[in-house]
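Position chain Y against the provided structure of chain E, taking the given hints into account.
Number of protein chains: 2
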Amino acid sequence: MRREITGFSNPTVKALRALREKKHRKAARQFLAEGLRLLTDALECGHVPQMLVMSSARDPHPLLDTLEAAVLAAGGEVIETTPDILSKITGKDNPQAVAGVFAEFDTAIERLDRHAAPIWLVAQALRDPGNLGTMLRTGDAVGAGGLILIDDCADPFSVEAVRASMGAVFTQAIAQASWDEFLPWLRSGPGQLVAASLRDAVPYRGAPYTAPCFLLVGNESRGLPGEYEAACDLRVTMPMRGRADSLNAAVAAAVLAYEVLASLEA
Amino acid sequence: MRREITGFSNPTVKALRALREKKHRKAARQFLAEGLRLLTDALECGHVPQMLVMSSARDPHPLLDTLEAAVLAAGGEVIETTPDILSKITGKDNPQAVAGVFAEFDTAIERLDRHAAPIWLVAQALRDPGNLGTMLRTGDAVGAGGLILIDDCADPFSVEAVRASMGAVFTQAIAQASWDEFLPWLRSGPGQLVAASLRDAVPYRGAPYTAPCFLLVGNESRGLPGEYEAACDLRVTMPMRGRADSLNAAVAAAVLAYEVLASLEA
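First to last, the protein sequences are chains E and Y. Per the numbering used here, residue 29 is the first one in the first sequence, and the count goes up by one each step. Per the numbering used here, residue 29 is the first one in the second sequence, and the count goes up by one each step.
By construction, these hints were calculated from the structure, which means they are not laboratory data. Be aware that a few hints might be false.
No copy labels: a pair is met if it fits in one copy or bridges any two.
To be verified - Derived BS3-like pairs: lysine-lysine, alpha-carbon spacing no greater than 25 Å straight-line:
| id | residue 1 | residue 2 |
| --- | --- | --- |
| 1 | Lys42 | Lys120 |
| 2 | Lys51 | Lys120 |
| 3 | Lys42 | Lys54 |
| 4 | Lys120 | Lys50 |
| 5 | Lys54 | Lys116 |
| 6 | Lys116 | Lys42 |
Next comes chain E alone, as it looks inside the complex (with noise of 0.2 Å):
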């Protein structure tokens, strides 16, 4: 179906808006997400929106026509509307000319193949939705499988997130768990728990990776708790120079991330 809308009061824009927040993305079990190129990622990845929002002020592109053709294939909306609509639902000063949106996807950790990866990211209590992007992202680049959320963490399917991650929330299979349902998964197969750790820790350069290997990050202030580093099989460190003792989180995941690619593929 297609609709042309003009009026910031619209019941729709106003839905849209309200995926900004938590608590009404998990109500509507949706989330957003912009530009041409990161919905033609997610369409390749075989993820269509159930809704395309485009601004009337779009420059035309073929890309932008395979996907009004997806969406209204798949039976969704196409709607037009101002740039200054487009800007408010996205937050953003400078909107794309595009977005859409997408149906939350499941995130239970028992679907998750960890023999589809050799590499696995795990963040735990990450508050940060621009970390969580990023991860997503390096995740992506090093052809991760995926990332597991332990604990308490910032929403993957928020639009910061989403933003940071380049595309890569498509790419990579996302989970959530509490830890006491995270490590009872894992230890049901194969894996490798490697934690970034200051304590009783080897060089990461070097160390003794095996694949599937997880990859353990903790909250940005408080890192890891202790029991938790505890239950890793591998504690690696990585060296500090300076004055600093820790990393920014997603920069600590993405060093030790390539340091394991490298030495799985020796």
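Coordinates of chain Y only, in the frame set by chain E:
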């Protein structure tokens, strides 16, 4: 001098709040940093705040006493205010108990001593203050000398950049220059310019890095201009196993910097 401020409309509160905006920072030649740990790092690196703003709800702490004494000894001001006003000043819902106002540093590139460190980070047109702060933090971790900002970058003295740097804004040298200023400066002495690149590049692992090594990363969306890449002594590429063709800029800098660190120390 000591003062107590209880009113939101106090001119000092207005001036401090204004430091969240770049034009006011540049006019005042000052910037704001928050948190006891960060301010203590600053002090230990020889940076005494011109003004210390403390919450009336703070817990006593010997490091806070040390800070207060240092500010008063240097002829600065110590201000006590309410948590609400401190929150307004820093723009944070749960403000730290203390914030400091610092004189902006001189960021002329001529002041850098390239022999002071084996690694230097260089960012071109980096637009995200969080990425910039994260690069400073990574620089501290790998023992870099500092961060050189080329062309139109985010402001390293913004609240977001200072916060993301976790204190490294005080430990890392910061320089700002146009490309046309940077390149002659670089070529006036020893220094290998290395670009993270997709074109005409060798694998980043095992590449022939030499100190002082200048690691150049480009703008978040456009990457490096071709002529900048061409001017580099070495172009290296990182594996991209997924759909994406680039990493987050701060992540790329970190993966590369840790590789260079390992290479130079081997």
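Going through the hints against the structure:
1. When the C-alpha separation of Lys42 and Lys120 is checked against a cutoff of 25 Å, the pair qualifies only within one copy, where the shortest distance is 16 Å, while the shortest distance between copies is 27 Å.
2. Taking the shortest Cα distances, Lys51 and Lys120 sit within 25 Å of each other both inside one copy (20 Å) and across copies (22 Å).
3. In the homo-oligomer, the alpha carbons of Lys42 and Lys54 lie at most 25 Å apart inside one protomer (16 Å), although the nearest pairing across protomers, at 39 Å, exceeds that limit.
4. For the homomeric pair Lys120 and Lys50, the shortest alpha-carbon distances inside one copy (17 Å) and between copies (20 Å) are both at most 25 Å.
5. For the identical chains of this complex, Lys54 and Lys116 are intra-copy neighbours only, at 20 Å inside a copy versus 31 Å across copies, given an alpha-carbon limit of 25 Å.
6. In the homo-oligomer, the alpha carbons of Lys116 and Lys42 lie at most 25 Å apart inside one protomer (9 Å), although the nearest pairing across protomers, at 29 Å, exceeds that limit.
Of the numbered hints listed earlier, not one is contradicted by the structure.
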